[in-house]
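Residue numbers (the numbering used here), protein chains in the order written: chain A, -8 to 468; chain B, -8 to 468.
A hint or two may mislead.
Which copy? The list can't say, so a pair holds if one copy fits it or any two copies do.
Unchecked claim - Lysine to aspartate or glutamate pairs mimicking DMTMM-like chemistry, simulated, CA-CA at most 25 Å apart:
1) Lys313 / Asp183
2) Lys326 / Glu374
3) Lys313 / Glu283
4) Lys432 / Glu414
5) Lys326 / Asp418
6) Lys28 / Glu414
7) Lys432 / Glu407
Hints listed in this document are in silico derivations from the structure and should not be mistaken for laboratory results. This one's a predicted model, so the numbers in the text were calculated from it and none came from an experiment.
Number of protein chains: 2
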Amino acid sequence: MSSGDIPASTFRAAAHRVADMIADYFERVGDYPVVPKIRPGDVAQALPAIPPEQPESMDRILDDYQRLVEPNTTHWNHPGFMAYFAITGSKPGVLGEALAAALNANAMVWKTGPAATELELRVCDWLRQMVGLPSEFQGHINDTASIGTLLALAAARHQAPGLDIRRRGMAGRSDLPALTIYASEEAHSSVDKAAVTLGIGTDNVRRLPTDDGFRMIPQALEQAIDEDRRAGRAPIAVVGTAGTTSTTSVDPLRAIGAICRRERLWFHVDAAYAGSAAICPEYRALMEGWEEADSVVLNPHKWLFTPVDCSVLLVRDPDRLKAAFSLVPEYLRTKEAGVTNLMDLGVQLGRRFRALKLWMVIRAFGAEGLRERIRHHGALAREFAERVRAEPGFELCAPVPFSVVCFRATSNASPEEQDRFNERLLDRVNAAGPVFLSHTKLRGRFVLRLAVGNLGTTAAHVETAWRLIREATVGMQ
Amino acid sequence: MSSGDIPASTFRAAAHRVADMIADYFERVGDYPVVPKIRPGDVAQALPAIPPEQPESMDRILDDYQRLVEPNTTHWNHPGFMAYFAITGSKPGVLGEALAAALNANAMVWKTGPAATELELRVCDWLRQMVGLPSEFQGHINDTASIGTLLALAAARHQAPGLDIRRRGMAGRSDLPALTIYASEEAHSSVDKAAVTLGIGTDNVRRLPTDDGFRMIPQALEQAIDEDRRAGRAPIAVVGTAGTTSTTSVDPLRAIGAICRRERLWFHVDAAYAGSAAICPEYRALMEGWEEADSVVLNPHKWLFTPVDCSVLLVRDPDRLKAAFSLVPEYLRTKEAGVTNLMDLGVQLGRRFRALKLWMVIRAFGAEGLRERIRHHGALAREFAERVRAEPGFELCAPVPFSVVCFRATSNASPEEQDRFNERLLDRVNAAGPVFLSHTKLRGRFVLRLAVGNLGTTAAHVETAWRLIREATVGMQ
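With the sequences and hints as input, model every part of the structure.
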């Protein structure tokens, strides 16, 4: 009867092969088309329908990886990846992930992961210092900002006075008004998903109008809160965004914070993308007022060169998260006094050792090195924006505070025809292979987005994107 | 101004060093004490309080890892780790994680991760076949069973007819009765956490009594449903457990399924631990009836040798999950028809390429090799149970259907004194270093748990545990 793991010598050889595979991948990723030219089902058809009964050699498995997986991947690590929020999992981060997988530590409580727990708290505090948030904030790592925002809103729901939703729930209660939360129309869909999950309901998410810079209008927030209160509903939280997904606009956080304080609402800041930029003082200035938040979510896996997943939730008073979530069954009780047991801070019991990669990333680049890379991306985006601005037949569609440019081709055609033109333009540019852009809609109009965030992206890649855009535009006329 | 990742040659050298570090770790992990002999704060004190401004060399970072992190870890990969559910992140799984981190693919939609999406669906179907669930089940991977159970219960809540909780929420509604869910008193705490998160409330989780084998009593379930209905509450779901956390008992799934069908309730099976054992027909027989579930959660990161995190949620009708959660903002719209966009199936938008490691684990061991290893663990647990049974002054506290043994030292002392004795016994055994056991409470009494699940665990390790237990017992008398 077989037992045990694969033999030590087999593993050592395979691990060295994988080391070279990864090093080779980083050297050649730019030669791939960013998005593979395959159709849905192509990969599935190449995979056996039934699982193997007998073991296969590591070399064969790694061969299949190189044949089937690597080339059929959308290459988020490609320097021409400029869609969504462009991201990079840097090389030091990859090494951190490999070591974390080898340790396989599950720091649900301190005792099951002392180094993982203490490193997580420390590295989150490094991040807090780097972005200039006050020392009372404590951070911990979740998989995604979707979860971070969910946890913050759950804490907001729990602290609503006298309701005891944790114990009594929300349904079938005559003493419980509808609960409402507030975010701008440009806030991320994770706010709605949190409202769905928490049983608040999408109808009770007030999507507030934005100004000409796509920022929440504080007067609209005040008015919405007032209307809800007068209708007998109970406002519980406001989500301000620092770096919205479409345009990277920053809500007026100072004004929102003041309203939240006055109205006794939880103030959550979704800085999933732009929060990383706050390590540079000039970008931090854009987030003025976020230091008054109750919680801030910030994703090093977006713009701090850390492989997915790594989302940091910084909370002013972690006891409020704990009050909402802590629940310790007997089999998880431990004796250590005064320790943080990370399972107490959220939904998920099991947790990977995600702090390791973030620790390695911060150390390998240094805070100053990280700042320089963020600034470089901002400069590339501004240069691209300048080209768009200077080119007849194109327009910028939003300010460029960080590293994302929203733009479109314009003409005398109807708005609908211009939308269709830009949609076809995007398809053509992306079909070429060297770059990958995405889109959004602003004020109902189809808009292209170019996002810089990859460590490998240089002026030449942005230049290529611009050349492909102009060539495609000419070719379509 | 610095830009770009660390140099290619630096990375290649560091990656090879990490390959050796991991290979070395797997060879020597058994020489560490399972739980490091440190106090809370020891690691934190060794870490700089402020982040480094300047970059540090990879060698220095890796040196610090070896000095500060590795020795201060609770070694889940230690063959003497027999606490909680003992787990192993096998070597092929570690390589899968390293490659996934290098690709950094975020398959929120098919287009952003074609290979990741299709491999995930395929490898989950392999798993479905291996455990013998019907072909209508579709699986996808979440980080934890806490999330899998949350998603299943959210789908149950959403399908409650006419309520439209997704849109309208649960608070402030006169048309909405209290919603109730059902699980045994031995079910996992994640059921309560899901009830907290979803706004159902812990008061509305009916923790049903169990029989002498720690299995839910179906009559008690029927009675509780009946009482709730008569009180005007709305039952929505039952969680049956296949492998409870304390004793690995399996609820009478067939009977529970029949009740759920008759009462039109969502039937969720928490098979996070024992589901993996269903790849062996003899263990699958214990789960008879689970094929009638609406959803089954099963963690390859528990007993299928896959590094955390990897939890598979198998759902009979994925459209019901999608109905509860799908929400597509413009910036995530893609054109491919008929594809699965994994973001539609849950809370989290971002998702790691977790399927890669599971694919590599299944291939490297083969279904038959995995069965043999599961059987080996079961045999080791039964041998240990036999020793306990044969030893005067000890007793088994629960049946041993899988690889976990619940036992305790007994005496003529009062129950409270016996509890304290067993608690001290556990501390002594764990303090020795070579093994790590955990505890639970059964019928209010303190009970020790020995769990086998590590690939490296052999008869000699179980023998060591038994020797330490007996020596400690003698030493305490």
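Item to complete: Starting from the hint list further up, note which numbers the structure goes against and sort them upward.
Response: Structure breaks hint 2 only.
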